[in-house]
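Engineer: Residue-level listing of the chains:
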Amino acid sequence: MCLEPSKPLGAQPADLPVAAAPSDAEILGRPDEALHVESVATRVTSFDQYGHGYQSQAGPLLGAGSERATIFEPQLEIVASQGDRLRHVLTVPVDVVTAASPDAIDHGPASADVVSGASRFVVSGTIDWAATYRASAESDVSMRAGLHLEEPFRSWHGGLATSRAFAGGDTVVALSALEVFDWFDRFDVTGHRFGRTQRSSTTASAGVTQVLTPTAVVALNYGITLQRGELGNTWNSVPLAGAERGPELLPGERLRHALVVRASQFLPWNGAMKLYYRFYSDDWGLVAHSVEAQLMQRLTPSVYVGALYRFHTQTGVDFFTTLATPDRALRTADSDLAPLDSHTIGGRVVVDVPLAAPVRALHFELGYERYVRTNDLRMDVVTCETGYRF
Amino acid sequence: MTRARAFAARAVAAAAATWLLSACATVPQNRRAHLADPMMGLTGDALDTARRQKLYDTREGAAGGDGATAGGGCGCQ
Numbered sequence: 001m002c003l004e005p006s007k008p009l010g011a012q013p014a015d016l017p018v019a020a021a022p023s024d025a026e027i028l029g030r031p032d033e034a035l036h037v038e039s040v041a042t043r044v045t046s047f048d049q050y051g052h053g054y055q056s057q058a059g060p061l062l063g064a065g066s067e068r069a070t071i072f073e074p075q076l077e078i079v080a081s082q083g084d085r086l087r088h089v090l091t092v093p094v095d096v097v098t099a100a101s102p103d104a105i106d107h108g109p110a111s112a113d114v115v116s117g118a119s120r121f122v123v124s125g126t127i128d129w130a131a132t133y134r135a136s137a138e139s140d141v142s143m144r145a146g147l148h149l150e151e152p153f154r155s156w157h158g159g160l161a162t163s164r165a166f167a168g169g170d171t172v173v174a175l176s177a178l179e180v181f182d183w184f185d186r187f188d189v190t191g192h193r194f195g196r197t198q199r200s201s202t203t204a205s206a207g208v209t210q211v212l213t214p215t216a217v218v219a220l221n222y223g224i225t226l227q228r229g230e231l232g233n234t235w236n237s238v239p240l241a242g243a244e245r246g247p248e249l250l251p252g253e254r255l256r257h258a259l260v261v262r263a264s265q266f267l268p269w270n271g272a273m274k275l276y277y278r279f280y281s282d283d284w285g286l287v288a289h290s291v292e293a294q295l296m297q298r299l300t301p302s303v304y305v306g307a308l309y310r311f312h313t314q315t316g317v318d319f320f321t322t323l324a325t326p327d328r329a330l331r332t333a334d335s336d337l338a339p340l341d342s343h344t345i346g347g348r349v350v351v352d353v354p355l356a357a358p359v360r361a362l363h364f365e366l367g368y369e370r371y372v373r374t375n376d377l378r379m380d381v382v383t384c385e386t387g388y389r390f
Numbered sequence: 001m002t003r004a005r006a007f008a009a010r011a012v013a014a015a016a017a018t019w020l021l022s023a024c025a026t027v028p029q030n031r032r033a034h035l036a037d038p039m040m041g042l043t044g045d046a047l048d049t050a051r052r053q054k055l056y057d058t059r060e061g062a063a064g065g066d067g068a069t070a071g072g073g074c075g076c077q
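For the record, the sequence lines run as chains C and Y.
The numbers in the working numbering rise by one with no breaks, and the one at position 370 of the first sequence is 370.
The numbers in the working numbering rise by one with no breaks, and the one at position 50 of the second sequence is 50.
Worth flagging that the hints you see were computed from the coordinates, not collected in a lab.
Computed from a predicted structure; not experimentally measured.
No false leads were slipped in.
One side only, chain C facing chain Y, incomplete, derived with CB under 8 Å:
hint : residue
1    : R43
2    : Q75
3    : T91
4    : T213
5    : A219
6    : R256
7    : S264
8    : F266
9    : A272
10   : Y280
11   : L286
12   : V317
13   : D336
14   : Y371
15   : T383
16   : E385
Note that the Cβ used here is the ideal one computed from N, Cα and C, for glycine as well.
Whole structure, please, built from the sequences with the hints as guidance.
Structural biologist: Have a look at this one:
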């Protein structure tokens, strides 16, 4: 049985090397320079989170407080081409979060919701625009810019990237740089606002993608990120000896390294296996390993199913504590920075239906994931995507 | 136990080396149909990748470094 896949809606051209080939313009003549929408996709995801962490004050004075939250996340992606060399991708994710926000602080003198009840909500949104210019059949350059808006938080990012194909497209080398600047309100642990603070994150990365065989491809990527400024959210608290809570005290700089290996192998029974490994290390003392395996199986030319398992383990930062002495220079009780293991298990169904013009394909995807962390955090994730290719 | 682990590590390394060395021959364009299958995408669907990355970045202290942003949103990184 040979099941040829439908034309994918969500195919990522950057994933696979593309060899030198005649362009549309060379075949069809001068291209139309107008903006053509190639695809529109929307995804809606809900996160239902339960758990406790020592940074939260929604619990006993010196114990772990609630990290209960529900998050509703709609996303929109529009891909458009302009001529045969320029391609735009506009992405707009929105988060509606029922907790983890100091939304209440600006409206009253009392404590913040994250500090007390962890029950208010905040809406945040991002606009991200990436434009890729194909300089030649082997190389392209891209620019990315965006803005993030959240009630106590503003963030801007911009980046440049380039890639070049070698060996008939078997090998693609990519370089990228990204700068993120965050500007946000500073609070104390009792929920009072003290002006504004900021941080910057500068990332540089290099990667190579290699086609190994007609059924296997592998990618290797290394990246480094330097962060400076206020590196916490300012309202996280730390239980202190003496039956009180104090603020988190973090270094003003953090240098992060990550090495990622990805591999994808087509399987003879119309399936695919994808493997992922990530090594992470930073100068706060946190070392992490993440591995993930995905198995896909095509059921019909238009339908495939997938299952995934991910395991993550990390050592925690050097200054993590659940009960600090008041004189410690550095301290955090943030459960995200603690030694922990996490497991994710999930599955999805994907349908790509070819249609007649003007809509050439319909894409539908439904997925579920269960995320469990060993330091008392668990989450159910349901996600659904629909999209159209024109 | 240690010898068994060492043997397993060598076996995995040998298999990986064999797999990688197979890339010495160029794969012609007309034999890349399987590579173009959407199931084979190394990074997957863009929206799915973005929402999964945010999930892990905001719940594990190991974000950033691999071309993705560390910062921007939530104030929790």
